[in-house]
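**Student:** For reference, the chains in residue letters:
Number of protein chains: 2
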Amino acid sequence: MSNISRRTFNKRLTQGIAGTALFTGMPIACGMGAGQQERKLGVALVGLGSYSAGQLAPALVSAEHCYLAGIVTGTPLKEKQWMEQYDIPKESVYNYENFDDIAKNDTIDIVYVVLPNSMHAEFCIRAAKAGKHVICEKPMAVSVLECDAIIEACNTAGVKLSVGYRMQSDPYTDEIKRMVREKSFGNVQYVSSDAGYISRSNPDQWRLNKALSGGGALLNMGVYSIQSNIYGVGKNPISVSAQEFSTRPEYFKDTDESITAQMQFPNGAAGHLFTSHNANANRLFVSFEKGWAELNPCHSYGPLAGRTSDGKQIKFPHRSQQMLQMDDFAKHIKTGSTNFAPGEMGKRDMIICEAIYQSIKEGGKTIPLDLGDMGIVS
Amino acid sequence: MSNISRRTFNKRLTQGIAGTALFTGMPIACGMGAGQQERKLGVALVGLGSYSAGQLAPALVSAEHCYLAGIVTGTPLKEKQWMEQYDIPKESVYNYENFDDIAKNDTIDIVYVVLPNSMHAEFCIRAAKAGKHVICEKPMAVSVLECDAIIEACNTAGVKLSVGYRMQSDPYTDEIKRMVREKSFGNVQYVSSDAGYISRSNPDQWRLNKALSGGGALLNMGVYSIQSNIYGVGKNPISVSAQEFSTRPEYFKDTDESITAQMQFPNGAAGHLFTSHNANANRLFVSFEKGWAELNPCHSYGPLAGRTSDGKQIKFPHRSQQMLQMDDFAKHIKTGSTNFAPGEMGKRDMIICEAIYQSIKEGGKTIPLDLGDMGIVS
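Chain order of the listed sequences is A and B.
To convert, count from 1 in the first sequence and add 34; that's this note's numbering.
To convert, count from 1 in the second sequence and add 34; that's this note's numbering.
Please note that a few of the clues may not be correct.
As the list makes no split between identical chains, a pair holds if one copy fits it or if it spans any two.
[As the list claims (entries may be wrong)] Distance condition first, Cα-Cα at most 30 Å in a straight line; then the derived DSSO-like pairs of lysine-lysine: (1) Lys163 to Lys114; (2) Lys324 to Lys349; (3) Lys287 to Lys217; (4) Lys365 to Lys211; (5) Lys287 to Lys346; (6) Lys244 to Lys324; (7) Lys399 to Lys287; (8) Lys324 to Lys399; (9) Lys349 to Lys211; (10) Lys287 to Lys324; (11) Lys163 to Lys244; (12) Lys287 to Lys395; (13) Lys346 to Lys324; (14) Lys244 to Lys112.
No lab work stands behind these hints, which were simulated from the structure alone.
In isolation and in its complexed conformation, chain A is listed as follows:
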């Protein structure tokens, strides 16, 4: 499909099926007609780094319920290329200064903030104030206070909020959740997850700069191992302890290189996680009373793979996690279906991250957590 024809195709879906009424920014309620449900929602990506360019924008080309309608970038040089590649009209291109004008752009339903972590709160709040639904890339922010501010801004504005947890829309995650919920092999006794990769190529990347990232491996990949520990047990942890490993301080000057953490769960399960910017590890292991399930690879973009102790493979057709994630959120906005990664989930994980950093600071002390069911989506 050429650029032009893809743009025409998007317009046909958004205009032809649902009509111009949908471009007036009127709230879209549950229980609407089939035509409205089929309308594609317009997404604006804020920040055009490698994740937007390599994953999100391509995913939006194939998404069913949303499409790339706008961009927000601090790099004017990128504008032309993106406009051409994704058929984005000039009036839907913003920079960080005039971003708030997006409030007047009715082709934009969702703002997806893909900036460095320390900028999430500011732009999510500005997006909410502009009346746009918000996807905040993970980690949700660099503090629990910021998560609260984002949640409050979205509540006040009456817009939907989700966190960019692509794993929560992946069928492999669903399958583990199902096994845990249905006790396929009895109760869970132990869960272990690893999420790390070796980061060596670019010492100047923002992820290694604490002022921009708020933290290292833990905030980048560790949130996924926290998530898989939690959905691998089906409950939130009641305590956490953690340790930091620093073996290349000359490279990881400012942010955590590797972290191990242990979580205690209310149903008696023990949890362990490892996350790293200096080791490759990518797995979830769930030990039930009478069997086990494993995803490996687990936290990457896929194709994923899994197996269970009875010799069966866990296998699903590979589809873009980011496409599924954004489609799920668009469906949530359009129909009130489940929000698989609500703001409360992002806040919960930030509470756990802060407790992990606190435990490390206090020499591995166990930090109690009082999370209840916060952020649990089954």
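Fit chain B to the given chain A structure using the hints.
**Tutor:** Here is chain B on its own, set in the frame of chain A:
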């Protein structure tokens, strides 16, 4: 082969090939002739519990370099059955009181102590004083002090000592050691091993009685996860921290139920282990810079299985680990070949176990270790 003919066969090997000189208890030096090397050494099992009955005795039937020559038991009822099943002469049957008379029995070269952990030191020392080579079942003892006493007794008596670490003779272990040594995928960055099973059937077992076992999951299965962490890195750790999980205190009244521990290695690798009497987990994962290796199952009797990140299977014909282990020790005695599980290795692991218990007592504090190359056998 009938009982009688098997006994005759053993006698033929021990008498016919090497001659009666080998029954005088004279030391067997390196560099001896082929005939002497082929002589089977006589092993006496001390303690006829399930591990002796189910694993060691059957392994000795098929071993090449040793055979079951005697038994030491506190249960007179077992004597007749074992004598018949394994063709053991009455004069090679002992109880715990007259055990020291074994010094006069020249058909016994090796005493294998398979008693509850707290009895290892006493019987290993008595065996050494009786002039017998010693295999001490793992864990070597219930304290580092006891390990020292065993090592000293064997040195004083001029007898060989090894620990019942069956994994150290397993080809899967060798293959991981080879990959680490040859840096098949570069340096090791992270190693993780799990060794646990669910123990629910017998609350009266000695393993759950601290006076007999000295500790729970850590001393039983945890020593294997300590070992696989170490051979997975190829170095001893320089520090350890640990956490205990207690979810069934009514069953695990006296001994540790589950433990997680983290080890820091001098070459920068991070290590993690999990051990449990209340969760099934049985794996070694070694993350190199450019790939990974996994054994799963790893710590059980086999068949084991493994794979590497390049899609290859690690696969060896299944052979009894206990047979390989006892044959390796018999060869070590006969020819001076490598002792794959020397007393120093057992002592090193007990130092680590004591540090793990100390860390738990001190709320997860990191405990420095000064092990050098103690117990490293490559």
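**Student:** Give a verdict on every hint.
**Tutor:** Okay, the hints, checked on the actual structure:
no.: 1; hint: Lys163 to Lys114; verdict: within (28 Å within a copy, 87 Å between copies)
no.: 2; hint: Lys324 to Lys349; verdict: both (21 Å within a copy, 26 Å between copies)
no.: 3; hint: Lys287 to Lys217; verdict: between (44 Å within a copy, 27 Å between copies)
no.: 4; hint: Lys365 to Lys211; verdict: within (21 Å within a copy, 52 Å between copies)
no.: 5; hint: Lys287 to Lys346; verdict: neither (44 Å within a copy, 37 Å between copies)
no.: 6; hint: Lys244 to Lys324; verdict: between (43 Å within a copy, 27 Å between copies)
no.: 7; hint: Lys399 to Lys287; verdict: both (24 Å within a copy, 24 Å between copies)
no.: 8; hint: Lys324 to Lys399; verdict: neither (32 Å within a copy, 34 Å between copies)
no.: 9; hint: Lys349 to Lys211; verdict: within (15 Å within a copy, 33 Å between copies)
no.: 10; hint: Lys287 to Lys324; verdict: between (44 Å within a copy, 23 Å between copies)
no.: 11; hint: Lys163 to Lys244; verdict: within (27 Å within a copy, 63 Å between copies)
no.: 12; hint: Lys287 to Lys395; verdict: within (17 Å within a copy, 32 Å between copies)
no.: 13; hint: Lys346 to Lys324; verdict: both (15 Å within a copy, 28 Å between copies)
no.: 14; hint: Lys244 to Lys112; verdict: within (26 Å within a copy, 68 Å between copies)
In this structure, the earlier hints numbered 5 and 8 are contradicted, and the remaining ones agree with it.
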